[in-house]
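Chemist: The chain contents come next:
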Amino acid sequence: MGLESIRKRITRAFNKKLGISRKDAKRLLPIKDSHGKLYEAYILAHVCGELKNKEGVSLKLSKGSKISFKQKGGPINRKYPYIEVIKSLKTIGEIHLDVEFMTLSSMNAVSPNERGYYHELDIAMFKPNLPNLARPKHDEVYLAIECKNTAMKKSYLREVLGLRRELSFLQTFTYSTIFQNWPKDELGVNPASCIFLYCSDRSVEKYSDPGILHEIEFKYMKIK
Amino acid sequence: MNPQEYRELIDHFLDSILSSEYPGLHGELIDRLNENPEFRFDREENPKGTLISMILETINILENNSSDNYEIILERLNSVIDTNSGEPINKIEIILGDDTSDGLQVGLDELPNYAELISELEGIINDINNEE
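If you're matching them up, the sequences are chains A and B in order. Going by the working numbering, 137 is the number at position 137 of the first sequence; the sequence numbering is gapless. Going by the working numbering, 7 is the number at position 7 of the second sequence; the sequence numbering is gapless.
Hints were generated in silico from the structure; no laboratory data involved. Predicted, not measured: the structure shown is a model, and the values here were computed from it. Honestly, I wouldn't trust all of these hints.
[As the list claims (entries may be wrong)] Only some residues are given here: those of chain B computed to face chain A with a beta carbon under 8 Å:
1. 11
2. 36
3. 65
4. 87
5. 89
6. 90
7. 92
8. 97
9. 117
10. 120
11. 121
12. 129
Glycine is no exception: its CB is placed at the ideal position from the N, C-alpha and C atoms.
Produce the complete structure using the sequences and hints provided.
Modeler: Right, here's the structure in full:
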């Protein structure tokens, strides 16, 4: 081995092609968040596993046999499949991907459809049977999950703190969630929505302390 | 190898990523190194350890972006989600463009597969560890 041998091996490793054609690379180029979607899919599988194994729900795709993420978020769109969350034969929620919710700030807004009054969630469980093309209200959000397949940044902390501010008020008493075990059965916020930030950078855990007060879970998770 | 040679390899490793086809990898690695004090460029104290840590973090980034995970993810989804037809979930896709329009659909299995590069980087770590 030695310096030159390892140097050459590094050069060779990164000189290799991506393994996709130039045409495909060009087509995939606009998918700025495509790698993030792979990570979101992994987190979706993890969260569904937790709900099934710890909360005791069953999960059913509403139609078809595809899971569809979106490049751009929007209202609930029932053209695409979502996941029904069923407990004791009753649908207690629906998991949607890349859907926007209406913020607390929008409640008294003159023009609630202004862009600042709704925010996108990567993975979310909402109250079931909401109208098609509606944006769930803040109190119809049961579980909100942000996924970051990138280096942890302080701005992500501010982002989820803002998300909490637009979903609930902090309380001195606890309020019941719709869950009995997982993620939590009660929280010190009202409405009692659960928020997670999953990140593939282990440094996410260094930012977790503010989550204790604001009822936000910071999780380091990598694929595999 | 002596400490100066490891420092040269650190520079070469970063230059190689920067000039490679792997979009954003260099910036992502630098961001993570800056965020994690243990990965900071401690070139004087422990250049060999720093080089290995950099390669391990590069592997970590690539693993979370590689489409060879697609089947694993699909399998996990199918282990917890049922379908109306009883058939397994057979595709994870991304809808390009406006959510409300009929956007182009791309399967996440079409994303780049970094398995070969990851394997090569693991081999390089072995080579470094075998150095005196």
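Chemist: Indicate, hint by hint, whether the structure satisfies it.
Modeler: We went through each hint and held it up to the structure:
Interface restraint check for residue 11(B): the shortest CB-CB distance to chain A comes to about 10 Å, outside 8 Å, so the restraint is violated. Checking residue 36(B) against chain A: minimum C-beta separation of about 5 Å stays under 8 Å; hint holds. Against a cut-off of 8 Å between C-beta atoms, the interface hint on residue 65(B) holds, since the closest Cβ of chain A lies about 4 Å away. The criterion of a C-beta within 8 Å of any C-beta in chain A is met by residue 87(B), whose closest approach is roughly 5 Å, and the hint holds.
The interface hint given for residue 89(B) holds, since its Cβ lies 5 Å from the closest Cβ of chain A, which is under the 8 Å cut-off. With 8 Å as the threshold, the beta carbon of residue 90(B) comes within range of chain A, its nearest partner Cβ sitting at about 5 Å, so the hint holds. For residue 92(B), the interface hint holds, since its Cβ comes within 8 Å of a Cβ in chain A; the closest pair sits about 5 Å apart. Checking residue 97(B) against chain A by beta carbon gives a least distance of about 7 Å; that is within 8 Å, so the hint holds.
The beta carbon of residue 117(B) is positioned within 8 Å of a beta carbon in chain A (closest approach about 6 Å), and the interface hint is therefore held. Against a cut-off of 8 Å between C-beta atoms, the interface hint on residue 120(B) holds, since the closest Cβ of chain A lies about 4 Å away. The beta carbon of residue 121(B) comes within 6 Å of a beta carbon in chain A, closer than 8 Å, and the hint placing it at the interface holds. This hint is violated: residue 129(B) has a C-beta 10 Å from the nearest C-beta of chain A, more than the 8 Å allowed.
Violated hints, listed in ascending order, are 1, 12; each of the other numbered hints is respected by the structure.
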